[in-house]
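Participant: Those protein sequence lines, which keep their order, are chains A and B.
In terms of the numbering used here, the first sequence opens at residue 1 and continues consecutively.
In terms of the numbering used here, the second sequence opens at residue 1001 and continues consecutively.
Simulated from the structure, these hints should not be mistaken for lab results.
Here the structure is a predicted model, which means the values were calculated and not measured.
All residues carry an ideal CB built from backbone N, CA and C; glycine is no exception.
Don't take each hint at face value.
Said to hold, decoys possible - Facing chain A, according to a computed beta carbon distance under 7 Å, are these residues of chain B, among others:
{"id": "1", "residue": "Leu1084"}
{"id": "2", "residue": "Ile1106"}
{"id": "3", "residue": "Ile1131"}
{"id": "4", "residue": "Arg1247"}
To be verified - Once the Cα atoms are required to be at most 35 Å apart in a straight line, the calculated DSBU-like pairs of lysine-lysine come out as:
{"id": "5", "chain 1": "A", "residue 1": "Lys160", "chain 2": "B", "residue 2": "Lys1130"}
{"id": "6", "chain 1": "B", "residue 1": "Lys1161", "chain 2": "B", "residue 2": "Lys1123"}
{"id": "7", "chain 1": "A", "residue 1": "Lys181", "chain 2": "B", "residue 2": "Lys1130"}
{"id": "8", "chain 1": "A", "residue 1": "Lys161", "chain 2": "B", "residue 2": "Lys1221"}
{"id": "9", "chain 1": "B", "residue 1": "Lys1161", "chain 2": "B", "residue 2": "Lys1144"}
{"id": "10", "chain 1": "A", "residue 1": "Lys104", "chain 2": "A", "residue 2": "Lys201"}
{"id": "11", "chain 1": "B", "residue 1": "Lys1136", "chain 2": "B", "residue 2": "Lys1102"}
{"id": "12", "chain 1": "A", "residue 1": "Lys181", "chain 2": "A", "residue 2": "Lys160"}
{"id": "13", "chain 1": "B", "residue 1": "Lys1136", "chain 2": "B", "residue 2": "Lys1043"}
{"id": "14", "chain 1": "A", "residue 1": "Lys160", "chain 2": "B", "residue 2": "Lys1221"}
{"id": "15", "chain 1": "B", "residue 1": "Lys1123", "chain 2": "A", "residue 2": "Lys160"}
{"id": "16", "chain 1": "A", "residue 1": "Lys160", "chain 2": "B", "residue 2": "Lys1043"}
{"id": "17", "chain 1": "B", "residue 1": "Lys1102", "chain 2": "A", "residue 2": "Lys181"}
{"id": "18", "chain 1": "B", "residue 1": "Lys1130", "chain 2": "B", "residue 2": "Lys1161"}
{"id": "19", "chain 1": "B", "residue 1": "Lys1102", "chain 2": "A", "residue 2": "Lys160"}
{"id": "20", "chain 1": "B", "residue 1": "Lys1221", "chain 2": "B", "residue 2": "Lys1123"}
{"id": "21", "chain 1": "A", "residue 1": "Lys161", "chain 2": "B", "residue 2": "Lys1130"}
{"id": "22", "chain 1": "A", "residue 1": "Lys161", "chain 2": "B", "residue 2": "Lys1144"}
{"id": "23", "chain 1": "B", "residue 1": "Lys1136", "chain 2": "B", "residue 2": "Lys1161"}
{"id": "24", "chain 1": "B", "residue 1": "Lys1136", "chain 2": "A", "residue 2": "Lys160"}
{"id": "25", "chain 1": "A", "residue 1": "Lys161", "chain 2": "B", "residue 2": "Lys1043"}
{"id": "26", "chain 1": "B", "residue 1": "Lys1144", "chain 2": "B", "residue 2": "Lys1123"}
{"id": "27", "chain 1": "B", "residue 1": "Lys1102", "chain 2": "B", "residue 2": "Lys1130"}
{"id": "28", "chain 1": "B", "residue 1": "Lys1221", "chain 2": "B", "residue 2": "Lys1102"}
{"id": "29", "chain 1": "B", "residue 1": "Lys1123", "chain 2": "B", "residue 2": "Lys1043"}
{"id": "30", "chain 1": "A", "residue 1": "Lys181", "chain 2": "B", "residue 2": "Lys1161"}
{"id": "31", "chain 1": "A", "residue 1": "Lys201", "chain 2": "A", "residue 2": "Lys181"}
{"id": "32", "chain 1": "A", "residue 1": "Lys181", "chain 2": "A", "residue 2": "Lys104"}
{"id": "33", "chain 1": "B", "residue 1": "Lys1221", "chain 2": "A", "residue 2": "Lys181"}
{"id": "34", "chain 1": "A", "residue 1": "Lys181", "chain 2": "A", "residue 2": "Lys161"}
{"id": "35", "chain 1": "B", "residue 1": "Lys1221", "chain 2": "B", "residue 2": "Lys1136"}
{"id": "36", "chain 1": "B", "residue 1": "Lys1123", "chain 2": "A", "residue 2": "Lys161"}
{"id": "37", "chain 1": "A", "residue 1": "Lys160", "chain 2": "B", "residue 2": "Lys1161"}
{"id": "38", "chain 1": "B", "residue 1": "Lys1144", "chain 2": "A", "residue 2": "Lys160"}
{"id": "39", "chain 1": "B", "residue 1": "Lys1102", "chain 2": "A", "residue 2": "Lys201"}
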Amino acid sequence: MTDATRIRLMSSSFILGFFLLWEVLCIVLNVSDLILPRPSEIAVTLWTRFPVLWPHILQTLYATLTGFTLGVIIGVSIGVLIGTSRVAYGVAYPLLVGFSSIPKVAVVPIFVLWFGSGTTPAILTAMVICVFPIVVNIATGLATTEPDLEDVLKTLGASKKEILWNVGLPRTMPYFFASLKVAITLSFVGAVLSETVASNKGIGNVMMTASSNFQVSLVFAGLIVLALMGVALYAFFSFLESRVTGWATRGNDIAIT
Amino acid sequence: MNMTSDIPAQAMPVPATPPASRTNPVHARPAIELQDASVVFGKGPQSVTALSPTTLRMERGDFLALVGPSGCGKSTILRLVSNLIQPSSGLVLLGGREVAAKELRIGMAFQNPTMLPWLTIEKNVMLPLKIVEPFKRTFRQDRKGAYRDRVHALLAQVGLKDFANHFPWQLSGGMLQRANLCRALIHDPDLLLLDEPFGALDQFTREELWQILQDLYLDRKPTVLLVTHDLREAGFLARRICVMSARPGRVISDRAVDLPQPRDIGVIYDPAFVEMTQGLRELIAQVRK
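Make the full structure from the sequences, and use the hints.
Facilitator: In structure tokens, the structure reads:
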């Protein structure tokens, strides 16, 4: 057995053990299922209520991904702008820091005020919450590109645009993908948050409604769904990262000498 | 920095040759011409003179080695010629025209191989064909055909045939430097600029690469300007050696190397060769003080 599979096996049994302990403690300590339902109960609820949950899952996914996509587009544009121009960096950075330090929960009421409750504020919250890490990472990647690499193209008479395309942007990809993993998780948080506050659709709203009806196991079922979705989204971007920017992490392999 | 202000006026008398004349009568014009070119970084009392007014001429097809103590401005001359910096005063002409006019195609290799880590060796070497005219015009059509063959042929010439699809981190320092030479030569430059390309290599690898470079030079006959610390390297490769003084540098000695090419690596143990490098060494030792 290799080290990697052993670690994987241990990690799986750790997860399994966690739920097992939860189950056992609930039984032994006789915890009311109005406080903390047992994992088996949650699993049953998840299974029986899944047809009801499914459209809400899609709704949350839709709000998250739409907001995330918009956030990526805006984040990359701003990042490229302030990463390539020292003036733009100096001018825009203080305002960006100001924006980023606002707790994003605070903007949900404003979006609700402007667009009413529903999908739009969820998308917008998912968007604003993920822009900043992308901007910072793109800008950092571009600003820290080794001058040597740029000099290679400059001596060939390359234009600024050619240098950006052939050196700056590829060099920035590891930063970009690292930020995507953070950003997708944040978008997800933003979307659910907004659904919880002001929406009649989405997993956030399901949990809110279930909680006020004391359907505690449904609340936990929602939580499990959220955890699984979050992990799936993270894993997807992790995979994408390893495919696109493998060159940045492969340096530890055996080199030919 | 507005260092170029006085240049257009001086450049005026130079007739505007159309770029198409690359191959024809311009041959009469020297490949590189520095006319009292100087470089000063910064302004006022904190300014640093990197290069005192220097005059230097290089004919086409020549191989000139620039040697001198560290910090004397050798690399500054290379950076002037490759348009990475502009002269604070004086003129830098390539093929009789200003550097920015791109009259001559330039290939350059630095001490650090500077391969782009996300590209394979093949794609790294192909990079100039993507950027430099006239190759870039047909890059899309040719990158999988003619250009690929061209890259592979050159890689084979330096013994990297089997490494075209490897990534830079999979290669040793000497192999990377060979790939670096290939990248500097793939677009058939008129002018090859080498900034201590073998500085970080061990003696055996270095000597091996000297011979590879000599073969490539004799094969293609570009104009080569080599900056180096290594006097034997200068003596073995160059047809002409210029010695520069300590900062702020200027050329204090200019001599030809009267050995027929191709030279055998054994020549560096020849008494006459040793005497020449000794002479250079003493000269540099003097100007270091």
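Participant: It remains to establish, for every hint, whether it holds in the given structure.
Facilitator: Evaluation of the provided hints:
1. Leu1084: For Leu1084 (chain B), the interface hint holds, since the closest Cβ of chain A sits about 6 Å away, which is under 7 Å.
2. Ile1106: holds (6 Å)
3. Ile1131: Holds, because the Cβ-Cβ distance from Ile1131 (chain B) to chain A comes to roughly 5 Å (cut-off 7 Å).
4. Arg1247: This interface hint is violated because 22 Å lies over the 7 Å limit.
5. A:Lys160 <-> B:Lys1130: holds (14 Å)
6. B:Lys1161 <-> B:Lys1123: holds (14 Å)
7. A:Lys181 <-> B:Lys1130: holds (33 Å)
8. A:Lys161 <-> B:Lys1221: Distance ~32 Å between Lys161 (chain A) and Lys1221 (chain B) Cα, so the pair holds.
9. B:Lys1161 <-> B:Lys1144: holds (17 Å)
10. A:Lys104 <-> A:Lys201: holds (20 Å)
11. B:Lys1136 <-> B:Lys1102: holds (15 Å)
12. A:Lys181 <-> A:Lys160: holds (29 Å)
13. B:Lys1136 <-> B:Lys1043: violated (39 Å)
14. A:Lys160 <-> B:Lys1221: Holds, at roughly 31 Å.
15. B:Lys1123 <-> A:Lys160: The given pair, whose Cα atoms are some 20 Å apart, holds under the 35 Å limit.
16. A:Lys160 <-> B:Lys1043: holds (27 Å)
17. B:Lys1102 <-> A:Lys181: Distance ~44 Å between Lys1102 (chain B) and Lys181 (chain A) Cα, so the pair is violated.
18. B:Lys1130 <-> B:Lys1161: Holds - the C-alpha atoms of Lys1161 (chain B) and Lys1130 (chain B) are around 21 Å apart, at most 35 Å.
19. B:Lys1102 <-> A:Lys160: holds (16 Å)
20. B:Lys1221 <-> B:Lys1123: Since the Cα atoms of Lys1221 (chain B) and Lys1123 (chain B) sit roughly 25 Å apart, the hinted pair holds (cutoff 35 Å).
21. A:Lys161 <-> B:Lys1130: holds (13 Å)
22. A:Lys161 <-> B:Lys1144: This hinted pair holds, its Cα atoms lying about 23 Å apart.
23. B:Lys1136 <-> B:Lys1161: holds (24 Å)
24. B:Lys1136 <-> A:Lys160: holds (16 Å)
25. A:Lys161 <-> B:Lys1043: Holds: Lys161 (chain A) and Lys1043 (chain B) sit about 30 Å apart, inside 35 Å.
26. B:Lys1144 <-> B:Lys1123: holds (11 Å)
27. B:Lys1102 <-> B:Lys1130: Holds, because 16 Å separates the two Cα atoms, which is no more than 35 Å.
28. B:Lys1221 <-> B:Lys1102: With Cα atoms ~19 Å apart, Lys1221 (chain B) and Lys1102 (chain B) stay inside 35 Å; holds.
29. B:Lys1123 <-> B:Lys1043: Violated. Lys1123 (chain B) to Lys1043 (chain B) sits at ~41 Å, over the 35 Å cutoff.
30. A:Lys181 <-> B:Lys1161: Violated. Lys181 (chain A) to Lys1161 (chain B) sits at ~39 Å, over the 35 Å cutoff.
31. A:Lys201 <-> A:Lys181: The hint holds at about 25 Å.
32. A:Lys181 <-> A:Lys104: Since the Cα atoms of Lys181 (chain A) and Lys104 (chain A) sit roughly 18 Å apart, the hinted pair holds (cutoff 35 Å).
33. B:Lys1221 <-> A:Lys181: Given pair Lys1221 (chain B), Lys181 (chain A) is violated - Cα atoms ~52 Å apart, limit 35 Å.
34. A:Lys181 <-> A:Lys161: Distance of about 28 Å is within 35 Å: holds.
35. B:Lys1221 <-> B:Lys1136: holds (23 Å)
36. B:Lys1123 <-> A:Lys161: holds (19 Å)
37. A:Lys160 <-> B:Lys1161: Roughly 33 Å separates the two Cα atoms, so the pair holds.
38. B:Lys1144 <-> A:Lys160: OK: Lys1144 (chain B) and Lys160 (chain A) at ~26 Å, within 35 Å.
39. B:Lys1102 <-> A:Lys201: Violated, at roughly 63 Å.
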